[in-house]
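**Student:** Sequence:
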Amino acid sequence: MRLDDSELDCLLDQGESFRVDYKERLDGGTATGIREAVCSFANDLPGAGQPGVVFVGVGDDGGPTGLDITDRMLTQLSDIKTDGNIVPPPSMFVEKRRLKGTDVAVVTVLPSDSPPVRYKGAIHVRSGPRRSIATAQDERILNERRRGHSLPFDIQPVPGATVADMSIRRFEEEYLPGAFSVETLEANERSHEQRLATTKMIATADDPTATVLGLLVLGKRPRDFIPNTYVEFLRIDGTELSDPIVDHETIDGTISETLQRLDDKMRAHISTGVDLTGSDRERRESTYPLAALQQLARNAVMHRTYEGTNAPVRVTWFSDRIEIHNPGGAFGVVTRENFGRPGVTDYRNPNLADAMKVMGFVQRFGVGIATAKRELRENGNVEPEFAVEDTFVQVIIRGRSS
Numbered sequence: 196m197r198l199d200d201s202e203l204d205c206l207l208d209q210g211e212s213f214r215v216d217y218k219e220r221l222d223g224g225t226a227t228g229i230r231e232a233v234c235s236f237a238n239d240l241p242g243a244g245q246p247g248v249v250f251v252g253v254g255d256d257g258g259p260t261g262l263d264i265t266d267r268m269l270t271q272l273s274d275i276k277t278d279g280n281i282v283p284p285p286s287m288f289v290e291k292r293r294l295k296g297t298d299v300a301v302v303t304v305l306p307s308d309s310p311p312v313r314y315k316g317a318i319h320v321r322s323g324p325r326r327s328i329a330t331a332q333d334e335r336i337l338n339e340r341r342r343g344h345s346l347p348f349d350i351q352p353v354p355g356a357t358v359a360d361m362s363i364r365r366f367e368e369e370y371l372p373g374a375f376s377v378e379t380l381e382a383n384e385r386s387h388e389q390r391l392a393t394t395k396m397i398a399t400a401d402d403p404t405a406t407v408l409g410l411l412v413l414g415k416r417p418r419d420f421i422p423n424t425y426v427e428f429l430r431i432d433g434t435e436l437s438d439p440i441v442d443h444e445t446i447d448g449t450i451s452e453t454l455q456r457l458d459d460k461m462r463a464h465i466s467t468g469v470d471l472t473g474s475d476r477e478r479r480e481s482t483y484p485l486a487a488l489q490q491l492a493r494n495a496v497m498h499r500t501y502e503g504t505n506a507p508v509r510v511t512w513f514s515d516r517i518e519i520h521n522p523g524g525a526f527g528v529v530t531r532e533n534f535g536r537p538g539v540t541d542y543r544n545p546n547l548a549d550a551m552k553v554m555g556f557v558q559r560f561g562v563g564i565a566t567a568k569r570e571l572r573e574n575g576n577v578e579p580e581f582a583v584e585d586t587f588v589q590v591i592i593r594g595r596s597s
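Every position in the sequence shown, counted from 1, becomes a number in my numbering once 195 is added.
Hints in this document: simulated from the structure, not taken from any laboratory.
Worth double-checking, as some hints may not be accurate.
What the hints assert, rightly or not - Derived SDA-like pairs (lysine to any residue); straight-line CA-CA distance at most 25 Å:
hint, residue 1, residue 2
1, K415, F556
2, K460, S376
3, K460, G503
4, K315, M554
5, K295, G261
6, K291, D266
Claimed, not checked - Simulated DEER-style distance windows between Cβ atoms:
hint, residue 1, residue 2, range
7, I440, R418, 20 to 26 Å
8, E532, D458, 30 to 36 Å
9, S327, D585, 41 to 47 Å
10, T357, C205, 45 to 51 Å
11, G555, H443, 27 to 33 Å
12, E584, E339, 34 to 40 Å
13, A359, I440, 36 to 42 Å
14, E384, E452, 31 to 37 Å
15, A331, R536, 40 to 46 Å
Model, not experiment: these values are computed from the prediction.
Glycine included, each C-beta is placed from N, C-alpha and C at the ideal position.
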């Protein structure tokens with residue numbers, strides 16, 4: 196939703212409010228304040244359903260300061276969406292606009308369909324011009340508001356699944372420390388049900404039905420409820436599916452268990468040679484860089500569709516290549532034509548992406564393919580090949596030539 200000049204001028208004139216924040220510049224503590232403002236606008240505690248705007252290059256009086264709005268500044272502001280500190284990733288866009296005769300950086304933030312949104316584990320909200328950390332009641336309001344939207348599939352309640360089908364020990368010991376700030380964890384007014392609801396593991400504090408996300412992250416037996424939540428690993432001695440199979444495993448469990456076991460499996464099959472030519476010291480060379488395989492496999496798990504199919508993610512390891520196949524084609528703003536282009540990203544499972552960030556499987560959003568390409572290039576492999584279809588995405592990674 197792009198606001199026109201008259202709408203922006205009106206917001207500038209009305210002063211800071213639940214929809215407006217002024218920042219004179221982008222540096223140090225101001226950068227943190229901008230991120231907190233983005234988080235608070237995404238949460239939209241008043242329930243206005245309207246975008247919030249951060250004006251950068253505007254003084255406390257609402258007047259432009261004449262700050263030089265550079266491409267580097269706009270890139271830094273755009274990185275707020277994908278740097279992994281605000282989760283789920285906010286819907287926002289950044290642009291340079293000329294208002295009141297002066298250039299201003301404008302950050303427009305849309306209300307989230309699945310609040311609460313957190314910045315570094317804290318839920319920021321706005322009441323009038325005042326920004327603060329959400330209280331337990333604020334969190335309850337945000338949790339309840341999810342009922343009014345068409346929920347992403349990853350946080351839809353799963354009929355028949357309850358808190359008893361999830362590991363509360365895993366939630367308390369492994370997930371909570373990464374999901375919440377220390378200050379929030381130290382606040383003792385939040386019940387287990389409130390925390391499970393805030394992290395979208397259950398529908399609401401009053402409705403403890405487990406969500407798809409809750410089962411994927413904490414489920415004792417996720418496949419009892421979501422049959423396709425596994426990875427099929429196949430190692431073939433040859434270049435065709437009809438060649439002999441030397442290793443086959445169905446890898447399932449929670450997302451964390453699945454990815455860790457898949458890492459172990461891929462690590463075990465990577466061939467490493469020793470090169471002594473041209474040096475007095477040995478140089479170890481791998482057919483594939485593990486980091487690249489991890490990025491591409493985790494992307495497949497994150498972006499696959501869990502709805503309307505029983506197909507798993509498939510990792511097929513041939514003698515000359517690896518094929519990773521995930522159900523679900525391009526999604527949202529991502530198309531066949533722009534797939535893999537830097538800066539173009541969307542999330543079929545935004546809350547699963549959040550959870551994978553919390554668990555340490557993702558550091559930044561939207562850079563997995565670029566990171567994999569860099570790792571492959573540095574290892575001497577060619578670039579991965581992508582096939583983007585309506586119902587699946589497949590990537591082929593060629594082995595490093597000796």
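**Student:** Decide, hint by hint, whether the structure agrees.
**Tutor:** Now the hints, each set against the structure:
{"no.": "1", "hint": "K415 to F556", "verdict": "holds (20 Å)"}
{"no.": "2", "hint": "K460 to S376", "verdict": "violated (34 Å)"}
{"no.": "3", "hint": "K460 to G503", "verdict": "violated (28 Å)"}
{"no.": "4", "hint": "K315 to M554", "verdict": "holds (13 Å)"}
{"no.": "5", "hint": "K295 to G261", "verdict": "holds (11 Å)"}
{"no.": "6", "hint": "K291 to D266", "verdict": "holds (9 Å)"}
{"no.": "7", "hint": "I440 to R418: 20 to 26 Å", "verdict": "holds (22 Å)"}
{"no.": "8", "hint": "E532 to D458: 30 to 36 Å", "verdict": "holds (32 Å)"}
{"no.": "9", "hint": "S327 to D585: 41 to 47 Å", "verdict": "holds (45 Å)"}
{"no.": "10", "hint": "T357 to C205: 45 to 51 Å", "verdict": "holds (49 Å)"}
{"no.": "11", "hint": "G555 to H443: 27 to 33 Å", "verdict": "holds (28 Å)"}
{"no.": "12", "hint": "E584 to E339: 34 to 40 Å", "verdict": "holds (39 Å)"}
{"no.": "13", "hint": "A359 to I440: 36 to 42 Å", "verdict": "holds (38 Å)"}
{"no.": "14", "hint": "E384 to E452: 31 to 37 Å", "verdict": "holds (32 Å)"}
{"no.": "15", "hint": "A331 to R536: 40 to 46 Å", "verdict": "holds (42 Å)"}
Going down the numbered hints, you'll see the structure goes against 2 and 3, while the others check out.
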